[in-house]
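Engineer: Listed below, chain by chain, are the residues.
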Amino acid sequence: MFGCIFLPQFQLQAALRWHDVRGPAVVVNETTLKGIVAEASEEAAARGIVAGMTSAQAMARVRGLVIRSRSPAQEYCLNQILVQIALALSPDVELCCDGACIADLRCVRKGTCWQQLADEQVAHLRTHGLSAMMGVAATPDLAFLAARGARPSAVIYNPGAFASSLPIETLEPPDEFLRILHGWGIRRVGEFLALPKMETIERLGPTAEALRRKVSGRNKRLLRLFRPVPEYAEAFDFDCEIETIEPLLFLLRRFLEGLCGRLRTVYRVAQRMVLRLPLENGASHDRNFSIPAPTADEEVLFRILHTHLEDLKLPERPIGVRLSLQAVAPARDQLQLFESALRDPNRFGETLAKLKAFLGNEHVGVPARSNTHRPDSYVLEECFTRPKQKREDTREAIAPLRGLPLRRFRPAISSLVCVQDGRPISLKSSVARGAIHSYVGPYRLSGNWWDRESWQQEEWDVALAKGRLYRLSCHDTIWKIEGCYET
Amino acid sequence: MQPHDSRLVQLEALRSLVAEKFPPSPRRWNGRLLTGCRPFDQKGGFLQGAITEVCGSGAGASLLLTAMVDAAVRDGFFIGFIDAVNSFEPSDWADEHLRRILWVICGATAPAIRAADILLRDGNLPVVILDLQMVPAAQLRRIPVSTWHRFQRVLEPTGTVFVVLSPQPLVESVPVRMAIRTDLSLEAIHLPRVALWEHLQVQVFERGAAPLEVLQKSA
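Each protein sequence line maps, in turn, to chains R and X. Final position of the first sequence in the numbering used here is 1195; the numbers increase by one with none missing. Final position of the second sequence in the numbering used here is 319; the numbers increase by one with none missing.
Hint data in this document are derived by calculation from the structure and do not stem from the laboratory. Accuracy of the hints is not assured; some may be wrong.
[To be verified] A few chain X residues that face chain R, going by a derived Cβ cut-off under 10 Å, partial list only:
(1) GLU112
(2) SER116
(3) LEU165
(4) ASP170
(5) GLU189
(6) PRO190
(7) ILE201
(8) LEU202
(9) GLY207
(10) ALA215
(11) ARG221
(12) THR282
(13) SER285
(14) PHE305
Built from N, CA and C at the ideal position, the CB exists for glycine as well.
Can you build the whole structure from these sequences, using the hints too?
Structural biologist: Right, here's the structure in full:
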């Protein structure tokens, strides 16, 4: 059997997604100046609005008509959702057109109730805020036809009886072909199938053969397999710029509910979140969030976003929001059941977000040495990585640390240094002054001599009276105190 | 793909359920953290769920940080290091040590106090160190006394070891105050850091055992 999941009024559903719209609505194609109606809601259709009208004509017919532009970003998201749900049923999936996806159900466990399966998928899509229909039949084309006529699900056991009652237009024949059939008085598929096969093909050509195949219960054509790149993203463009975070938070929560539901469907968890807020001046605010303990729990992910947005100040107002999740398989390393390196990694993630919001991203992190000998070079890495299994020989693996750690002055403090025979003998600055009792150095350092970033300096470690220890640097006879060991 | 992954998801769900029903207890070191640095361990180590103030020598404070990070590498935990004046120098540390440190660069006293508050309330890090060693005395005097009382209340249920490094006695009614002195010369710059621990002289004052004036003289 094959199953087809179908989203009726696909463009309209995509355009109205995340909008609370009541009453008649249409989606227009804005490729032309007039704005041509692409799809109309049932309520609008009942009042005489049909595809192909201009938006002005539609508005003239219905007062209070809601008009939305097509949203390619949302249509893409909807197709992704559709394919993902189909892939949960079967690895062999065909995206036959926008909003329609066929899955090969021959690998589904025997004894499965098709009606129940179809109802479950429809209900699942309803949780994403989508109205869907599903048809199950012996061939892919019949499943597609069944889905389009389902209310909201249909299982076809008798293809002949099902096809006979369908209007001939459902087979989507060419206009010329349809005109001929109408001329013969044929309105239903059953009437068309009743015509002698060979004679019809002789008169009407291969199109007639193709149409007969569509409704034949024996035509199990191969699916054009669709292998999507797994992507968990949602997007929304506001009608006008927003000034408070409430609408943003509302949307982000809805996004996360949908995305986390999709992650759970394929047994994945989110490891990273990317938030993008396009601003009215064309720039955008981008932020990457690492999830300390990857999860598909929307509450946890939402708290991280909320913490970030609470203290966020933007130079311009946002005109949209984009959210994407990077999915990974759940952690495979089993720590002790009651134990982890951090007691509550996700709460710790929120705390880090708070600290970063308060102090700035570049002021919180795990320090790491840069790949250079240049003094005061370091990088701050984002957060703790999941600790690897504890090694017994950890202490042996680490080289013992030598010398007192330096406390660096940032920036270095200018100093007057008296030099005799090439060595410093006294020091005068805002933090220290006096005769230099002993010294070690100079240590001459240089690097990047091959490019414009070249640098060089010499360093001295000096001791003043009362055991005060400092590090001095000299570059082009300019002396500075780089830091102190003991004050 | 799915059956195996679904088991992992179930395991994750079970772990969440267990974590919810049985909240993780604070890391237990029998109430005190022993770092492996003899001068500190002989004095009883660092109290969990309480403030320990370490005042005096700047080099002594740096060696204490070394001892703490060594313990973190040994026991597999992380340290929050709140650097009030951005003076920490990563190039003096091994990568293995740096991976155990969350460095919070504040640049002033008030943000450092706020950052400490945030980290202590989180309760995930078993050791938090607030480094006020290089902060001018005038700025230190501006820290309200109530701050330390609030920290003490926050710390008690978490079991976090909270160490305040200061140039002079600062925290009133602190449960444990340690005064460090060192007698290090320029040769110390090249000696193994573990060997320098032997040069530390640590004096411990329990709550109310010594008035601030006495400590100022000893430090």
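Engineer: Could you run down the list of hints and mark each one as holding or not?
Structural biologist: Going through the hints against the structure:
no.: 1; hint: GLU112; verdict: holds (5 Å)
no.: 2; hint: SER116; verdict: holds (8 Å)
no.: 3; hint: LEU165; verdict: holds (7 Å)
no.: 4; hint: ASP170; verdict: holds (9 Å)
no.: 5; hint: GLU189; verdict: holds (4 Å)
no.: 6; hint: PRO190; verdict: holds (4 Å)
no.: 7; hint: ILE201; verdict: holds (6 Å)
no.: 8; hint: LEU202; verdict: holds (6 Å)
no.: 9; hint: GLY207; verdict: holds (8 Å)
no.: 10; hint: ALA215; verdict: holds (6 Å)
no.: 11; hint: ARG221; verdict: holds (8 Å)
no.: 12; hint: THR282; verdict: holds (7 Å)
no.: 13; hint: SER285; verdict: holds (7 Å)
no.: 14; hint: PHE305; verdict: violated (22 Å)
Of the numbered hints given earlier, the model fails hint 14 alone.
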